[in-house]
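Undergrad: Protein sequence lines correspond, in order, to chains A and B. Numbering follows my numbering, in which position 187 of the first sequence is assigned residue number 187; successive positions increment by one, without gaps. Convert by adding 1000 to the 1-based position in the second sequence; the result is the number in my numbering.
Think of the hints as simulated: they come from the structure by calculation, not from any bench. We treat Cβ as the ideally placed atom computed from N, Cα and C, and that holds for glycine. Fair warning: there could be bad hints in the mix.
[Said to hold, decoys possible] Only some residues are given here: those of chain B computed to face chain A with a beta carbon under 10 angstroms: (1) A1014; (2) T1044; (3) V1057; (4) G1065; (5) P1092; (6) R1111; (7) T1112.
[To be verified] Here are the simulated SDA-like pairs of lysine to any residue, each with C-alpha atoms no more than 25 angstroms apart in a straight line: (8) B:K1043 to A:E449; (9) A:K479 to A:S499; (10) B:K1218 to A:S499; (11) A:K178 to B:S1017; (12) B:K1010 to B:L1085.
[Said to hold, decoys possible] Taking CB as the label site, the calculated pair distances span: (13) A:E61 to B:R1243: 50 to 56 angstroms; (14) A:E85 to B:R1138: 21 to 27 angstroms; (15) A:R427 to B:A1002: 41 to 47 angstroms.
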Amino acid sequence: MRRLVVVGGGLAGLMAALKAAEAGVAVDLLALGPCKRSHSAAAQGGINAALDTLGEGDSPERHFDDTIYGGDFLADQTPVRRMCEAAPAIIHLFDRMGVPFNRTPEGLIALRRLGGTRFHRVAFVGATTGQQLLYAADEQVRRFEVAGLVKRYEGWEFLSAILDGSGRCRGVVAQELKSMEIRAFPAGAVVIATGGPGLIFGRTTNSEHNNGFAAAALHRQGVKYANGEFIQVHPTAIPGADKHRLISESARGEGGRVWTLRDGKPWYFLEEWYPAYGNLVPRDIATRAIFKVCVEMGLGVDGENAVYLDMSHMDPAEVRRRLEGILEIYQVFTGRDPCRVPMKIFPAVHYSMGGLWVDFDQMTNVPGLFAAGECEHQYHGANRLGGNGMLSAIFGGMVAGEAAVRLINAGEAGPVPSSLLEAEARREEEKVQALMRLDGPENPYRLHEELGEWMNDNVTVVRYNHQLKRTLEKIAELKDRFSRVGLHDTGLWSNQALSFTRQLGGMLDLAEVITVGALLRDESRGAHYKPEFPERDDANWLKTTIATYHPDGPRVTYEPVDLQFIKPRVRRYDTEEATRGG
Amino acid sequence: MAETVTLRVKRRSAPDSRACWEEFRVRVPPTANVVAALKEIRKTPVNAAGRPTPPVVWDCSCLEGVCGACAMLINGKARLACTALLKDLAQPVRLEPLSKFPVVRDLMVDRTALFEGLKRAKAWIELDGTHDLGPGPRVQQSLQAWTYELSRCNSCGCCMEACPQVNGRSAFIGPAPLAQITRFNAHPLGESLRAERLEAARGPGGVHECGKAQNCEKVCPKRLPLVWAIAELNRQAVAYSIRQWLSR
Ligand SMILES: Cc1cc2nc3c(=O)[nH]c(=O)nc-3n(C[C@H](O)[C@H](O)[C@H](O)COP(=O)(O)OP(=O)(O)OC[C@H]3O[C@@H](n4cnc5c(N)ncnc54)[C@H](O)[C@@H]3O)c2cc1C
Ligand code: SF4
Ligand code: SF4
Ligand code: FES
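Okay, chain A solo, but in the shape it has when bound (with noise of 0.2 angstroms):
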């Protein structure tokens, strides 16, 4: 069957289905909503690539070395490898393609700093990059589109995976949120790129569509899910009652120091206790460090659990040309102007380095079946370094499109019988009764807040066993509840409820597997940290988590990291010849 099914429509999703429909299979491309509302477009900071357009000597083989190091040893090596080489004809792709990126004054791409390496390796939009990244693959995607090659669906929902009697996968299905059709699409492959998960930590600097729920659906299937409990929680977000809304690293990268108050005086803890890379520390010891001091210190501004964040000794006009976007987002949500008065943020959750398994061709253990983008796993070990991510996506999108091609040119599948689709969606259907019958007393929306509370406080940045399992029985509870749970709405027609509460019952799934994979991980890593295990623990612990479910919880298995080119050293950021390794 010479057709691609992709779901989700991110920077990932678009790069899959543009790949595929070059090569001239057709593509069916599914997602939440229209491909530019998708998460990707919230990315502000930037994208790694050495492009060394500022003579500092950098390099694949550095950027390489920075995001191992970075990720505390935990990626394997080979994909890292051949994305950063692959980075910055990337970069250039989607110049070709009418990214605006910001210019030096001959005309190249500009660059910047974030944090984890000493070098300029950024290309950046003002602070929206990941708007313009994405609307240039949704455009490209669009031309397909035109052309006859790629249909959309925008507005469906992925359900589950069409596997046939081997265990392959043949298609997806999918219902539509706003008819509520049900319906099968065959394929001769899928790829996977729904995002990351963090709806599971309530208010996240992420957006409504990272529910996770198409990860966790999958699992339920016999899909791996690997590395669940890496969890990045960035440094630097505003507080909000909806949302943590995030100050990117770019406000960093280009000068923004971070201070507190102590004695009365400005104390800028990051650049007295990190001297080499100061502000710019990657995320998780950024986190940690304002965590140390606003929980452990009690210095937080005003009392308060916050830290500034401060541009206010920066030049407005050279500001406003390289960060309006997040200047735009603190001065609408606070009424304050950051170049006049030093911004006010807290860590949130961020980002899942963890995600479906896939092997270096970006396959599942479901042959047929791949993954790319924040939901699967490879590319960012225990720590992601900013500006990664969407490189991931990117890169991870195009190694997808094309290895499904392969498969679908290599045609050993045929045809897929209708009886198989059928069968597949009678079983979604029959699961939408079930939900649409449930009218008791608890409501999803709550049960999700407590959830939200419950992972945020205790399984992000500093974790305890003890909390660890209080969180496991708390999460049983949940899903003890969950099965009482009343929708308020029996409407056919566009039920949000339905959707919202379906989705729910994926995060307590994936909520489980990432506090199980936190509660056996006895040492501290990258993002992972634990008072009563402080050290890194590479002779028992380097190794990659994988959880593979079980109605009575996830069962957890490990597999050995890709260290082929890089051997494991001490990670600090202290001084230049520690992160070197001399």
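Dock chain B with the ligands against the given chain A, drawing on the hints supplied.
TA: Frame of chain A; chain B with the ligands shown alone:
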């Protein structure tokens, strides 16, 4: 420190059903936006009269004014619900769906027309392929600066709502897609489709239907220089027409 706000929501359970107003009272923190209030309703789906009611349906994604999903009429004005802070709004806060697009349910509308407009406008670069073809052309900072402003259009539809020329009786493509023609015509690689874009711009529903009322630019949440972009396109279309006529 929650405060009580009153919302009046124009509801419709399906595209063909009758619209009716429903009032809600919710408690939200003083810094909350309209989205936070709508989220509160989902947690206690009861109207001001105390009667249970289905939660209000609306669209949102980024919650920070980027994605364009949450556009609606707030106290009669087209704007994004996530950047509309309740403390700045007169109460009761009236919420209605955008009126220039078909309603799906409650505050959710179908903005397919905008994306169809982008197809008509050929708002893309005619790429040779996604393989490695080396660096793109150099671009001067001044060109980058103004094309960047136009590249921030998130297809929210506010400008279409405000434009008197966009209505059921006209084929007018509307300000948002027109601005994208101006943008792509300016890119060094956008040249190859310039003639086709200008054909679209001067064809039925094209740039000449703009009445220059300038309402579009006033409501654009991303502050696109729409009036300038449309005037520039008009200039290009006229010049193109004259050249066509002279070379006949
Ligand atoms: C505020 C913020 C700023 C960031 N800034 C940067 C940055 O500066 N640099 C960087 O490199 N990274 C950044 N990141 C990370 C990066 O933006 C994301 O990791 C990346 O964009 C993810 O892309 P994606 O294609 O995997 O997923 P997404 O863009 O999240 O797209 C997911 C798609 O899947 C669809 N979908 C989801 N579930 C379903 C379903 N069940 N059925 C059908 N469709 C579904 C959605 O509709 C959407 O189209 C940032 C992240 C955040 C939160
Ligand atoms: S200037 Fe033109 S496009 Fe803008 S509102 Fe007026 S008529 Fe509409
Ligand atoms: S031009 Fe402005 S108002 Fe119109 S769709 Fe784009 S962002 Fe929205
Ligand atoms: S939710 Fe994205 S603009 Fe409001």
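Undergrad: Is the straight-line distance between the alpha-carbon of K1010 of chain B and that of L1085 of chain B 25 angstroms or less?
TA: holds, 19 angstroms
Undergrad: Would the hint on V1057 of chain B be counted as holding, given a Cβ-Cβ threshold of 10 angstroms to chain A?
TA: Where the cut-off is 10 angstroms and the nearest Cβ of chain A is about 5 angstroms from V1057 of chain B, the hint holds.
Undergrad: G1065 of chain B was flagged as interface toward chain A. Is the shortest Cβ-Cβ separation under 10 angstroms?
TA: Holds - the Cβ of G1065 of chain B comes within 10 angstroms of chain A, reaching about 6 angstroms at its closest.
Undergrad: Take the shortest C-beta to C-beta distance between T1112 of chain B and chain A; is it under 10 angstroms?
TA: Holds. Min distance 9 angstroms.
Undergrad: A closest beta-carbon separation below 10 angstroms is what the hint needs, so does P1092 of chain B meet it against chain A?
TA: Violated: closest Cβ of chain A sits about 20 angstroms from P1092 of chain B, beyond 10 angstroms.
Undergrad: Does the Cβ-Cβ separation between E85 of chain A and R1138 of chain B fall within 21 to 27 angstroms?
TA: holds, 24 angstroms
Undergrad: For the hint on T1044 of chain B, does the least C-beta distance to chain A fall short of 10 angstroms?
TA: Holds, about 8 angstroms.
Undergrad: Has the given pair, K178 of chain A with S1017 of chain B, been kept, meaning a C-alpha gap of at most 25 angstroms?
TA: Holds - the C-alpha atoms of S1017 of chain B and K178 of chain A are around 15 angstroms apart, at most 25 angstroms.
Undergrad: So, A1014 of chain B near chain A? Judge it on the closest CB pair being under 10 angstroms.
TA: Holds - the Cβ of A1014 of chain B comes within 10 angstroms of chain A, reaching about 5 angstroms at its closest.
Undergrad: Quick check: does the Cβ-Cβ distance between R427 of chain A and A1002 of chain B fall within 41 to 47 angstroms?
TA: holds, 43 angstroms
Undergrad: Given a cut of 10 angstroms on the nearest C-beta pair, is the interface hint for R1111 of chain B held or broken against chain A?
TA: Status holds, d = 7 angstroms.
Undergrad: Hey, K479 of chain A versus S499 of chain A, does the alpha-carbon distance stay inside 25 angstroms?
TA: holds, 17 angstroms
Comparing the model with each earlier hint shows violations of hints 5 and 10; every other hint is respected.
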